[in-house]
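Each chain, letter by letter, is given below.
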Amino acid sequence: MSFLAPLFFLALAALAVPVLIHLTQKEKKSVVEFPSLMFLRKIPYESVQRRRLRDVVLLMLRLAALALIVAAFARPFLRGSELAAAPGGARDIVLLVDRSYSMGYGDTWSRAQRAAAQAIASTTPADRISVVLFADVAEVVVRSTPDSGRAVGEINAAAPGPGSTKLGPALKLAGSLLAESLLPRKEVIIVSDFQRGGWLPDDTLRLPGGTQVNAIVVEGAQGLNLALTPVALLRTREGGQERVTVTAGVLNRSADAATNVPIHLELDGRSVQDLTISAGPQASASVTFSPLTITNPNTKASVRLGSTAQSVDALERDNVFHFVVTPAAPVPVMVVSQGRPESNLYLSRALAIGEAPRFDTALQAPDALAGDAMTRARLILLNDVPVSDAAAAKLVTFVEGGGGLLVAAGQRASWPASRGDWLPASIGPPVDRTRGAPARLSGMDYGHAVFEPFRAPRSGDFSTSRFYSYRALGAAKNSSVLARFDTGEPALVERTAGRGRVVVFASTLDLSWNDLALKPMFLPFVHQLGRHLSGYKEQPSWLTIGQVLDVDAAEVAAGATSGAQARAAAGRTVLSPSGQRRDLRAADGATAASALELTEQGFYEVRGSGREAGPVIVAASNVSLAESNLDRMDPKEVVAAVTGGDPTGSTSGHDVLPDEAQELAQRVWWYLLFAGILLLIAESVLAHRLSRATR
Amino acid sequence: MSLTSPVPGARFVDPVVLARIGNLELIAKTVVDGLINGTHRSPFFGASVDFAEHRGYVAGDDIRRVDWRVYARTDKYYIKEFEADSNANFSVLLDVSKSMGFGAKLSKLDYAKSLAACLAYLANAQRDRVGLITFDEAVVDRVPASAKHLDVVLHTLDKARPQRPGRLVEPLRRLAEHFGRRGIVVVISDFYAEPDEVFDAVGPIRYRGNDVVLFHVLDPQEIEFGFTEASSFEDMESGDQMPIVPGKLAADYRDLIKAHIETLAKRAAQQPVDYMLLNTSQPLDFALFRFLSMRQRLSRTR
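First to last, the sequence lines map onto chains L and G. Numbering of the first sequence is given in numbering that gives the first Met the number 0, commencing with residue 0 and proceeding in unit increments. Numbering of the second sequence is given in numbering that gives the first Met the number 0, commencing with residue 0 and proceeding in unit increments.
With the rest of the complex left out, here is chain L (with noise of 0.2 angstroms):
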């Protein structure tokens, strides 16, 4: 029992002046003039029993009318553990199945069915059962349902899955399904292997007041459990070619050593390498295959324990790691230049020069603006040349399809004025500082990308080089100025158009009026902005059950061109490794989306619609290797956490009834009120009595 206002208890205080009155009122409230109290003062005061009470009944009568009208005003309620104990009332069953794939182990997920089989079969007809399976995420496949043979059906129809065990979404969403829930009994029953790495104490997460929360353990049989752990790829290139080795660990999770256990590596389903492994108990072990060389992209390749026709252990999804071995794809990057060659001098040898990633240059005459040439380009580099209209049109059409464009202005950079509110910078008249001091970068925004790498101290500095002339830019209200000369005048200007980005530098790259292709921040400077403008990210060789794919990224870093990926990007299909196939669309359906989610292990194919579609992107989901150490937990911490200490109930104050629940459990102060005027009834009708008779 609890009170919602305790505060109220302070009114009982008043009890005292019923006695009060009792004892003194009446001698105040009448005076009685008397001759003189000579011989009253003369009596001992003790002999006057002023304390004592007449109508003892009335008094209590009074004060028990009292102290049930002040404890109906406290607001008392029955706590949801008082509510649930009522005997004989119904219950609501939430039963929590893990399905994990170390639920996988052995028998283990035979005797998880059994027991929440057992469990349901405990039920009587007024019980009602919901059924979570839960591994990552929680799903209701059962909801409060009478009917204990379909409950049973759909945990026989479930197998374990490829997600790890999170306890913890699990009990929330029964926690919010009991919540819901009208019957005076709670109970959550969770079958589980309970492993350690599945719980994460979260202080925040309480189940309604008086669940009763039961922990039934399925262990498999003991035995040798191997884990393959995310593989290390070394990249070389030889002759040309790039070469990969690819190094596999093996963790033994057991007692018991393992000792010459095959492993093979796999490419696109084949067995290309095959080698044997020892690791001793809890320990780990590795191996390295032969370097391979890797000429298609997104070569599917993984590392396997055993065979597939005969597991190693018995905990089979973890013997398998997959990941994706493709060759860099380079940025395809088309330098549009005019004039002499060696203008581009040192742009060229500074995009040539990398690995992560590789820049495909091109150099073109603005001519080859007005063609087709840019559908080829990821980047666009115009460095010092009039752009005309057209260019103009089919630039902002490139950029904003995704592309990047860079606009070095030098004295022959133009851009038509139609077009002039487009760029984030206006390209004004050339400013000389050909005398007296010339202009220095300074004011570099060090938490731009482009900077950020610059950003610690002694990682170059800008302001050693030296500007004898450069173009006024005017920055536009959208565009973010990167970086000014010593008189404030912008130097680099961005500003996002559409999907792609677009960047005015206010001086040319080469020597002609500035010397910072000399200075040694000149190669990363470049670099940065190449990968910045492409939207360069390199891409993971694999991912795990749960990460989101970011399917734009993958087809920049697979040497997708502007043009490609917006075709793509109107229609993409999902291959997902248990051979489905789907549209990738946005939560809503209707729209087309660029993250996928991963849940199934294996390997994931993202295609793009039409011929020209672009790359197709491979990504390689592993289960998480946490979920392979099979090291368990005692149930009762769990128990303790989610019921507030109370095994049997939540002791704290965040017990959630719903309404009318709670309208049940707080309607005992109507009862009290009520008991209270009619002891004031019965109070008036014997004060009445006692008044008369003593008349």
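I should point out that these hints are in silico values taken from the structure, not numbers from a laboratory. Don't take every hint at face value.
Said to hold, decoys possible - Covered by chain L, according to a simulated footprint, are these stretches of chain G (three or more residues, beta-carbon under 8 angstroms): (1) 61 to 69; (2) 219 to 228; (3) 232 to 240.
In this text, a Cβ means the ideal position worked out from N, Cα and C, and glycines have one as well.
Fit chain G to the given chain L structure using the hints.
Okay, now just chain G, sitting in the frame of chain L:
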């Protein structure tokens, strides 16, 4: 006891009361000096109508009292002496303190005023000189004793009101100086004072040869204490309040008031002073009859 008398205060003289006491005589126990003949037997010989004896003339005798007829016959001077009945000073000392205002139907003061009027009327009827003094903590009104002051006495009685707290000692001591002529002094009060204090107050009057009569007037509630409800009792004179729950207290109170009355009666007998307790619930004529009977009986024994 109301009357349609042209004399203010005469309403206190109830004819029924007078009918009951008309055949009685108010006889003073002590003979006092007087100028007029009355029923009070004077201890002195004087100008009276009742011949007592002849005695020989001695130097200093008033020659007007020489019996010349005897001298004519005997040629000797004889003084003719009479056994003179002289009038007495009958003074009423009435307590008009606030406590005398107590009483549900009839206040003690009203009762006392009726009593005083009756006594004054009777005294005046037998040609005694009547006077009245009302007092509380001091002397309120004073009507000197005179044969012609009955109207004034009755008027003074009529206007007497309980207004101030009362004290016995101080007013009575001061009044004692005015009782140089021996007479009858009737003190009517509720005597809410210690017995020693009461008799200390009347002592000086008594010592001057006055015959002192104490009328102790009490309301039945003061004697029986019939209160049942717990109440706050307020002293009518001091205004002090005291929460009282009657019960065992009533018995204690009755014991105390009884002891007080007995002490007053006992001390009065020792002085000697006449003491009489009057309950306002008793008929006034009955009280007077009882008192006069007692006075007559006592006068015979003294």
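Each hint tested on the structure:
1. 61 to 69: Answer violated; 0 residues pass the 8 angstroms Cβ test.
2. 219 to 228: holds (count 3)
3. 232 to 240: Per the Cβ count (8), the hint holds.
Consistency with the previously given hints fails for number 1 only.
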